[in-house]
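Asks: Following the hints, complete the assembly by docking chain W onto the known chain E.
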Amino acid sequence: MIEVKDISKSFDGNHVLKNITVEFFPGKVNFIIGRSGSGKSVLTKCIVGLMEVDKGEIVFDGRSFTKMDRWDRRIVRQEMGMLFQGSALFDSMTVEENVMFPLKMFSKMSAGEMKDRVNFCLERVNLQGKNHLYPSEISGGMQKRTGIARAISMNPKYLFCDEPNSGLDPQTAIVIDNLIKEITYEFNITTVVVSHDMNSVIEIGDYINFIYQGELWWKGDKKEILKTQNDELNNFVFPSEFMKEIKEVLRDGRG
Amino acid sequence: MLVNVFTRPEKRKVYKKLIVDEIDKIGIQSLGIVALLSLFMGAVVTLQTAANIDSGWIPKWTIGFTTRQTMILEFSSTIVCLILSGKVGSNIASEIGTMRISEQIDAMDIMGVNSASYLILPKIIAAMIIFPFMVIMAMACGITAGAMIGSSTGVISLTDYNYGLTYYFEPFQVSYTLIKSVVFAFIITTVSSYHGYYTKGGALQVGQSSTRAVVYSIVLIMIANYILTQLLLL
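First to last, the sequence lines map onto chains E and W.
Last residue of the first sequence: 255 in our numbering, with the numbers rising by one and none dropped.
Last residue of the second sequence: 1234 in our numbering, with the numbers rising by one and none dropped.
Just chain E, with the same shape it has in the complex (with noise of 0.2 Å):
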């Protein structure tokens, strides 16, 4: 679990992220939704150490991470996943070696025992046989699956995923969107992923935690993102008068 205690961050006084305090479960996709500056990026690369906090903890399973030294960290790091926005897949480096990548610098495994790995995960994509590509040789949708093979090519605990549909047209991203919550089942991950696609959030979220303005404005399940008052919250995920109306057919359970 992830427990996100009371954390702010803040860029030449202006206050980005304010007193937010949340958790993320094992096992789980917990969504981490909001307009686009309303913080949630920043959150993540917070809670993965690439941004340093201005007060608050970030807890990895009872392991304060904001105490740890570079030292520590770099081990909780071993145990995180993360799929970017754009990939971010090593170009000079084939499909293969981007996913033996993190098993080369940190397993103690054999040459054999690496690639019998690296082609686990690659079928676990549905990728198979594009060891030799490189990322350039690939499609969008390849290159996202590229690096869900990637960040679990080391067994993660914690599964960070910023944007993971950001450029895919629909089918694709609903394939991406399965396979990060198999994926979350399969190996009882805790993971987080930061969307502003509602179709993504209905389809595999189990926790959401909407931020608006830097602040945790709202958070249930989706169940209850349905009966929400919240305005905020309504206005962002229901944007349109066609959206509200989908909204009261979902909720009466009509149609």
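These are computed hints drawn from the structure, not numbers from a lab.
Backbone N, C-alpha and C fix where the C-beta goes; we use that ideal spot for every residue, glycine too.
Where hints are given, some of them may not hold.
[Said to hold, decoys possible] Here chain E is said to cover these stretches of chain W; the calculated rule only asks that three of the stretch's residues, wherever they fall, bring their Cβ under 8 Å from a Cβ of chain E:
| id | region |
| --- | --- |
| 1 | 1008-1022 |
| 2 | 1107-1116 |
| 3 | 1137-1143 |
[What the hints assert, rightly or not] Derived coverage of chain E by chain W (criterion: at least 3 residues anywhere in the stretch with Cβ under 8 Å from a Cβ of chain W; other residues may be distant):
| id | region |
| --- | --- |
| 4 | 65-77 |
| 5 | 83-96 |
| 6 | 102-115 |
Replies: Coordinates of chain W only, in the frame set by chain E:
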């Protein structure tokens, strides 16, 4: 950044391979341009010196002597490294800068990899290993070209040229130039890596980082050249 760069590497075996790759990228792939420039520079220095000796009191072997001194003391280390700061420095800054803006460095950091060390240390070590060899090659090419052009155009005989080459030769001058090349290698790789590593923004900023890397490297090389000359030769 340098503290992170020089912390103990995660896996030495991985780093060894990276260093070999970087020696190829930084050094071997620059051999052609260094050789070409050195050949022409040696030839031109020989011809210019010959053209400027219009007094019968100045012996012909001065041409060989001047070519040797120019090639060893300044061209092979300083000028070659200035050229390499353009080729290698901009390449390093743009490579690391692109990795920064496309979140590849963030990906490494999140995995727990010391990205500064992984990306920069092999480049520094590789450059410090290969630059002295390139400098020796530049000296050899320049001096050989001078001999060939000097004798083929008839401005100096090979005997006179060789006499000039060996006249009052101080082996320490070669050591001095090799020391300079190692220092310049360090400057080029660290300055370029720094500008690439701290790139923020997009493609435009990667280009700016690359330009800054070259400009700062050149300025620092010139300052270091002056300081090292003062310290080592006087």
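Asks: If a hint holds in the structure, say so; if it doesn't, say that too.
Replies: Hints versus structure:
1. 1008-1022: Holds, because 3 residues of the region 1008-1022 of chain W bring their Cβ atoms closer than 8 Å to Cβ atoms of chain E.
2. 1107-1116: Holds: 7 residues of the region 1107-1116 of chain W have a Cβ under 8 Å from chain E.
3. 1137-1143: violated (count 0)
4. 65-77: holds (count 5)
5. 83-96: That given contact holds, which follows from 7 residues of the region 83-96 of chain E lying within Cβ reach (below 8 Å) of chain W.
6. 102-115: holds (count 4)
The structure shown violates just one earlier hint, number 3.
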